[in-house]
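Number of protein chains: 2
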Amino acid sequence: MSKRKISIEDIARKAGVSHTTVSRALRDSPLISPKVREEIKQLAREMGYVPNGIAQSLQTQKTNTIGVVVTSIADPFFAEVVEGIEQIARSSGLSVLLSTSHRNVEQEIAAIDNFYRRRVDGILVADSRINTNHTQQIGQIATPTVFINSQTANQPESFHSVRIDDYLGARLAVQHLVSLGHTSIGYLGVGDRSLSNQLRQEGYQTVLSEANLPQIDDWIAIREEDNTRTSDVVTGQQMLPQLVKAGVTSVFCYNDMVAVGALLACKKLGISVPQDLSLVGFDGIALGGYITPPLTTIRQPMLEIGRVAMQMLLDLLQDKTVENRVLSPYLIERGSTARK
Amino acid sequence: MSKRKISIEDIARKAGVSHTTVSRALRDSPLISPKVREEIKQLAREMGYVPNGIAQSLQTQKTNTIGVVVTSIADPFFAEVVEGIEQIARSSGLSVLLSTSHRNVEQEIAAIDNFYRRRVDGILVADSRINTNHTQQIGQIATPTVFINSQTANQPESFHSVRIDDYLGARLAVQHLVSLGHTSIGYLGVGDRSLSNQLRQEGYQTVLSEANLPQIDDWIAIREEDNTRTSDVVTGQQMLPQLVKAGVTSVFCYNDMVAVGALLACKKLGISVPQDLSLVGFDGIALGGYITPPLTTIRQPMLEIGRVAMQMLLDLLQDKTVENRVLSPYLIERGSTARK
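Chains as they are written, first to last, in full-length UniProt numbering: chain A, 1 to 340; chain B, 1 to 340.
Hints in this document: simulated from the structure, not taken from any laboratory. There may be inaccurate statements among the hints.
Because identical chains cannot be distinguished in the list, a pair is counted as satisfied if it fits within a single copy or across any two copies.
Here are the computed lysine-lysine pairs in the DSSO-like style, where the Cα-Cα straight-line distance is at most 30 angstroms [claimed, not checked]:
1. K268 x K340
2. K340 x K62
3. K62 x K5
4. K268 x K62
5. K267 x K340
6. K5 x K320
7. K41 x K62
8. K35 x K268
9. K35 x K5
Full structure from sequences and hints, please.
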C-alpha cells in the first residue's frame, strides 16, 4: 500500500510524449487522435494511474459529496438520523462524509470549515451550538447548509433547519403521566443541550399548570453543563435518587439514555419500575425496547428527520425555495409507566 | 448561506492588481512587499475570502485528514473504536472523516476510492470485505491504509492490520461455560462476518473437543448471509428457539447484540436466564451492562483497537516500520451465566 502515486509526468516519460498530450488524452480531448488516446489510456491503466479527484473537482466545482457533522457516532439517536440521510443521498448518487463535534462549538466550526474547504456540495449539522455570535467565523461558508435539532435559540436567520417539536413531545410525555393519575411528577434534564432541554422543561411545566398539579423546585433536577462529558446514563444514575427523595412518583427524563440510567439507579435502590415509580424517556432508540421493563418514550421520527434534512439540502442545491420544518414526535407506551 | 464564493480574481479586480499578486500576497510570498501583502490580506478578509483547501492541498500534498470506513454508525462497537481513533488523531492535529460501507464490498471500495481521490493522508478500514480478488480495483490506492478486524482470510499481503484474537475470545467464552458445569453448549453465529465467525466457531469447537464434550450439529445455528440486512438482535431472537429445542443449557453468541436478541426470545418463551439457560456475548458494548440480567461477555478492548490502528497509521505516515497487531479480548462475568 506504500507505492508511489503514478503521475501524468510518469506516463509522459514512459510514452515518450509531452505532459500536455497525456493530460489531453486522458481527458478524451479531440486534439489527440483516437488511436493515441487509446494507447495512452491503456498505458495509464497498466501503470495504475488514478485521476486526481481534487484536481478534477477544482475544474467541475462539484464533488458529489455531502458533509454531515454529528456530535458523536456513539449516539444511537444520530445513527438513525444518518441512516435516513444516507438513504436519500445514495438514491441521488451522493457520497456522505461524517465528522464529529463532541458538542463543542469550536470543534463544530472546525468540522464545518473543513468540509467547506474540501468543497463538499452541501453540509448538514446536527445538534449545533452555533449562534449569532459566531456569524463572523462561519459567515463565509457559502455552501448550502441545513441544521438538524439545533441547540441555539438565536440561530443566524440565514440558516435552514429541521427540528423536532420538543415542547409538544414533553407535553405528550407529561400528559401521559397525568392521565395515569400521577400528581407528583419530576423532570430529569441535561444542561448541555440548552434549547431542547429548555423546551422540554417548558412543556413539562405547562402541563402541570394546566392540570393544576403542584410544581416543586426539588422535583426538577438538571445536570448542569460541565467539561467532564458525563454520559447521559451516568446523569440518570446520579440524579434519580434526589428526585425520589423529594417524593415524586414518576419522572419525565430528558431522553432514553437518561431514563436507562434512572432505571439502573432504581434497581440499585430496590425501587420497582413501574410499581413504585413510572419513567418516561424521549427519542425512541432501539435500546429502550431491550431493557426490563421496556421504556415508555416519546419517539422522534429519526429516519424521517434525516430524510427531510437531506431532501431540503438537495432542494437548496437545485436553487429551490425551502421552508424550515418542525416534525412531531409521538408517545410509545411500554412497560415503564403504570397507573398511580 | 447562499452567497457566491469570493475568488482570488474578485480580490484582484477590486484591488486593481494581478491575480498572481493576490495569490502571492495571500501565501505571504516575499516577492510582494509587506505593506501590499497586508493591504491585500485585509481586503480579502473584508470581502469574506476563504482559501480553497483543495487548491492548497494540491500544492502541499497534505490534507491533515484521515479517512475512516466503518460498516455503519449504528454499530456501538465501532462507535467506541472510532473514539479511540479520534483521541490519537486529535492529539496529532489530524481531522477524521468517516464513511460507511454497510458490509458491502462495493460500497467499501467506493468509500476507500473516494477518500483516496480527496487525498486524505491515510485510511482506516473496519470490518473489510476486500480480498485478493479486489487487488486490481484497489491496487492503485497509494495512501497508507490500516485494516481493523478485517473479515477476509486472504487479504492482500501488502495490507497492514490490527485485529482482535477471535479464536482466543471464543475459547475464553466456552471455557467459562465448561467451568460452570455446562455440557450442552450451543453456538449462535452470523454468516456475513465470515472470518471472525469462522474463528469464533473454531474456538468453540476446539474447547468442546478438549473437554470431551458432545458436539451436535443442531447445537450450532448460523444466520446465513443474505441481502436483507437482518439486524443482529433479530438474528438472536429468531434463532435462539431452535437451539433450545435441540436441548442446549447454554449458548455462546457471536456478539452482544445477538445475545440481546437471544435474551428477548427467552423472555418471550418464559425461559429464565441464567437459571434455565446461560448466555455469553462478545464485544463488551455498554448496552450489555444495562439489560437484565447484565450480559456475561468477551470484551474487545475497543478504544485500544482504535488507538493502536491510528498509531500504526501515524507510524506509516512517518515511514516507520510497522508490524501487524493482534489484541487479546478478556472475559467479563456478569449475570447471564450460572452454574448448571
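Exercise for review: Tell me, please, which holds for K35 and K5 at an alpha-carbon limit of 30 angstroms: within, between, both or neither?
Suggested key: within (26 angstroms within a copy, 40 angstroms between copies)
Review point. Is the C-alpha distance from K267 to K340 at most 30 angstroms within one copy, between copies, in both cases, or in neither?
Key: both (19 angstroms within a copy, 26 angstroms between copies)
Review point. Between copies, within a copy, both or neither: which fits K35 and K268 at Cα up to 30 angstroms?
Key: Answer is neither; intra-copy 78 angstroms and inter-copy 70 angstroms both fail.
**Study point:** Within, between, both or neither: K41, K62 at alpha-carbon 30 angstroms
**Key:** both (24 angstroms within a copy, 27 angstroms between copies)
Point to revise | Intra- versus inter-copy proximity for K5 and K62 (alpha-carbon distance at most 30 angstroms) | key: Both ways: K62 and K5 sit 23 angstroms apart in one copy and 14 angstroms across, limit 30 angstroms.
Exercise for review: Indicate which option fits the pair K340, K62 if close means a Cα-Cα distance not exceeding 30 angstroms: within, between, both or neither.
Suggested key: neither (59 angstroms within a copy, 63 angstroms between copies)
Check your understanding: Is the C-alpha distance from K268 to K340 at most 30 angstroms within one copy, between copies, in both cases, or in neither?
Key -> both (22 angstroms within a copy, 27 angstroms between copies)
Review point. When no copy is named, should K268 and K62 be tagged within, between, both, or neither for a Cα gap of at most 30 angstroms?
Key: Answer is neither; intra-copy 56 angstroms and inter-copy 52 angstroms both fail.
Exercise for review: First find the shortest C-alpha distance between K5 and K320 inside one copy, then the shortest across copies, and answer within, between, both or neither for a cut-off of 30 angstroms.
Suggested key: between (41 angstroms within a copy, 19 angstroms between copies)
Hints 2, 4 and 8, counting from the list given before, are not met by this structure.
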